[in-house]
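Asks: Read off the chains here:
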Amino acid sequence: MYKIIKKEMLTPTICRMEVEAPRLAAAAKPGQFLIVRADEKGERIPLTISDFDTTKGTVTIVTQPIGASTTDIVAFEEGEAFADVVGPLGNPSDFIEKSPEELAASHFIFIAGGVGTAPVYPQAKWLHEHGAKVDVIIGAKTAGLLIYKEEMAAVCDNLHICTDDGSEGFHGMVTALLEKLVNDGNKYTQAVAIGPMIMMKFTTLTAKKLGLPIVVSLNTLMVDGTGMCGACRVTVAGKTRFACVEGPEFDGYEVDFDEAMRRQGQYRTEEAEARENHVCRIGRGK
Amino acid sequence: MANRIPRVPVREQDPKVRATNFEEVCYGYNVEEAMLEATRCLHCKNPRCVGACPVGIKIPDFIERVKDGDFSAAAAVIAEDSSLPAICGRVCPQETQCEGSCVLGVKGESVAIGKLERFVADWTREQGKAPAAPAAASNGRKVAIIGSGPSGLACAADLAKFGYDVTIFEALHRPGGVLEYGIPEFRLPKDKVVAAEIDAVKALGVKIELDVIIGRTVTIDSLMDEEGFEAVFVGSGAGLPRFMGIPGENANGVFSANEFLTRNNLMKAYRNDYLTPIHAGKKAIVVGGGNVAMDAARTALRLGADTTIVYRRTEVELPARKEEVHHAHEEGVEFKMLTNPVEILADEKGWVRAVKCIQMELGEPDASGRRSPVPVEGSEFEIPCDTVIMALGTSPNPLIAKTTDGLEVTRRGCLVADESGATTRPGVFAGGDAVTGAATVILAMGAGRKAAAAINDYLSGK
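Order-wise, the sequence lines are chains C and Z. The opening residue of the first sequence carries number 74 in this note's numbering; numbering runs sequentially from there. The opening residue of the second sequence carries number 31 in this note's numbering; numbering runs sequentially from there.
Hints are not guaranteed to be accurate.
[What the hints assert, rightly or not] Chain Z regions said to be covered by chain C (calculated; three or more residues, Cβ under 8 Å):
1) 52-63
2) 84-95
3) 166-175
4) 299-305
5) 394-401
6) 407-417
[To be verified] A short, non-exhaustive set of chain C residues, derived as facing chain Z with CB atoms under 10 Å:
7) Glu116
8) Lys129
9) Asp157
10) Val159
11) Val307
12) Ala310
13) Gln339
It should be emphasised that the hints constitute simulated quantities derived from the structure, not laboratory data. C-beta atoms are modelled at their ideal positions from N, C-alpha and C, and glycine is treated no differently.
Model the full assembly from the supplied sequences, consistent with the hints where possible.
Replies: Put into structure tokens, the structure is as follows:
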């Protein structure tokens, strides 16, 4: 069993949990994800790793209730334990293979949207610790939904905030802010976008316009996360790839986002039914 | 003198009823039926059935005990060679192995060896009279098994009997591999049969650690260098699904049989109390002709879809077990033979609406002796559907070979191993689908047992 050591609400719905998983924590690298199964009857839910602590043997996940299974995950309390936490899954980010010289010469711009902000953190932290220059854009609908501001500020050179309603930072979307930063003369060598599929699609279009290479982290449907099911099929550069074992990070220019978004909604009807019929079992009979 | 009666028929759930539930199709023999069927064995001097069994079960010996009504003794005979009899009695391709070489089968019907094996295993389990595990003195030496499927379980059981300290590492959240995620409940009950036989392996002292992905969570190198495992058996199976590579295959509603079956078997999508979503649709097309295709089709049917199997050869060439094909027919699965998909057609929302197929005909025999199908030009036609399930076979997961130094693979991604299971890296052995590509439960078990003997030899000489 995988015990929850610490739980905190980052916004009224987004929750951060630190979970005991020593083998996973010892092996995790930036860019990888894990799978949580809350209890015996829950789904296997892929979540990006938001942090890992080898000494404590813990991993950190950040999630919000979207379907029945994520609602169950968020309902767990400190001291309780998930049935399964497995990983790390997927390939680490490409940059961990880079030489110190290459890293010193690079200037990353991360574009983080919503819950996708959390997995940007270990990447920014790793790059910052290894001598790369790192800027981060965090975008949200409104100020109250911004997460990881202080954490991120500590591991990057420049933190940029934007909100759709202008309640904090730049008034507008991440794409407009990215364009502004580049037009202001910032010379980035690599962009990385993590967030909702639609946000990654438009950020990629903007990056392309700006001539900026961009990596995206695809949060596709998955069952096992080890290459067995093929639910995570995405078309990249005209070829079918499995996001779980060949990703989750791909060159944004090459991803067929429209197909990826369509495939993400594949079980929407079935999921809506599950939600309607779902009686939360968490906390019962304990 | 053997009893010259026809093969004793086995009772099954009514096809119309079972097409709507996931309970086991075959009820198996009762005591009287089993004892009667056992009287048919000729007790050949050179029993060909034993030679045709990949694990060499002493078939006439156990059947003799069944005839005498001494079922515990029969179970003990089987246990000498097989650790998973209730499973093998259900899923082995007996018609090409033991029963296929039974002398009675030449002119009439072979002895129902599979059904008798199943009876013995079920009876002893239900009566609580399963053969007691022989207590082996522990030698304290650690061996790691990767994967808790048939080859891993068989290898682990034998090694534990030799006295080794055995740990199985399983990537999924339940042990059993293909027995758990692949073969459906109606063919192989999970709690009653699979879990019970795995518990019997655990009773030998074998430990199972779930949620560990070799190559990601830990590596073979770290197990051997840091955790003190002196030898490793890789029984990681063939888990990667193949697709056809035809246009439209990524349309919504097109699934691998692996995904479809994993959702239903491992993740229990057919039960209302589980959250797992599954999409069988109203009209499902299953592409392929093996056991997995039959399993997927019969699952889709049970979930309420009109189901058709399309296969590029004829029914004679179907690689599935005869019993599964027969059951699928009985339950109302349609078979469209000599048919091959060339394109998946989607509606404006990206959901599959039809499969475009081409008519095939049988041409010259290929290297395997089977006549290879060739397309009939201009014969394309559409089959309307809202679900397509691809059951085209699987290949081994490259993760382990990629993350282990000195482990060679073939062009087809299979691990290179000799007869005994020894790989190109000293101390690392492999067997089952990871070496052969997708095959059967019993062949995997046979490979696991051979490797256990080889690991014992290797470590004894060390």
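Asks: Look at each hint and say if it fits the structure.
Replies: Outcome of the hint check:
no.: 1; hint: 52-63; in the structure: violated (count 0)
no.: 2; hint: 84-95; in the structure: violated (count 0)
no.: 3; hint: 166-175; in the structure: violated (count 0)
no.: 4; hint: 299-305; in the structure: holds (count 4)
no.: 5; hint: 394-401; in the structure: violated (count 0)
no.: 6; hint: 407-417; in the structure: violated (count 0)
no.: 7; hint: Glu116; in the structure: holds (5 Å)
no.: 8; hint: Lys129; in the structure: violated (17 Å)
no.: 9; hint: Asp157; in the structure: holds (4 Å)
no.: 10; hint: Val159; in the structure: holds (4 Å)
no.: 11; hint: Val307; in the structure: holds (8 Å)
no.: 12; hint: Ala310; in the structure: violated (14 Å)
no.: 13; hint: Gln339; in the structure: holds (5 Å)
Hint compliance for this structure: hints 1, 2, 3, 5, 6, 8 and 12 are broken, all remaining hints hold.
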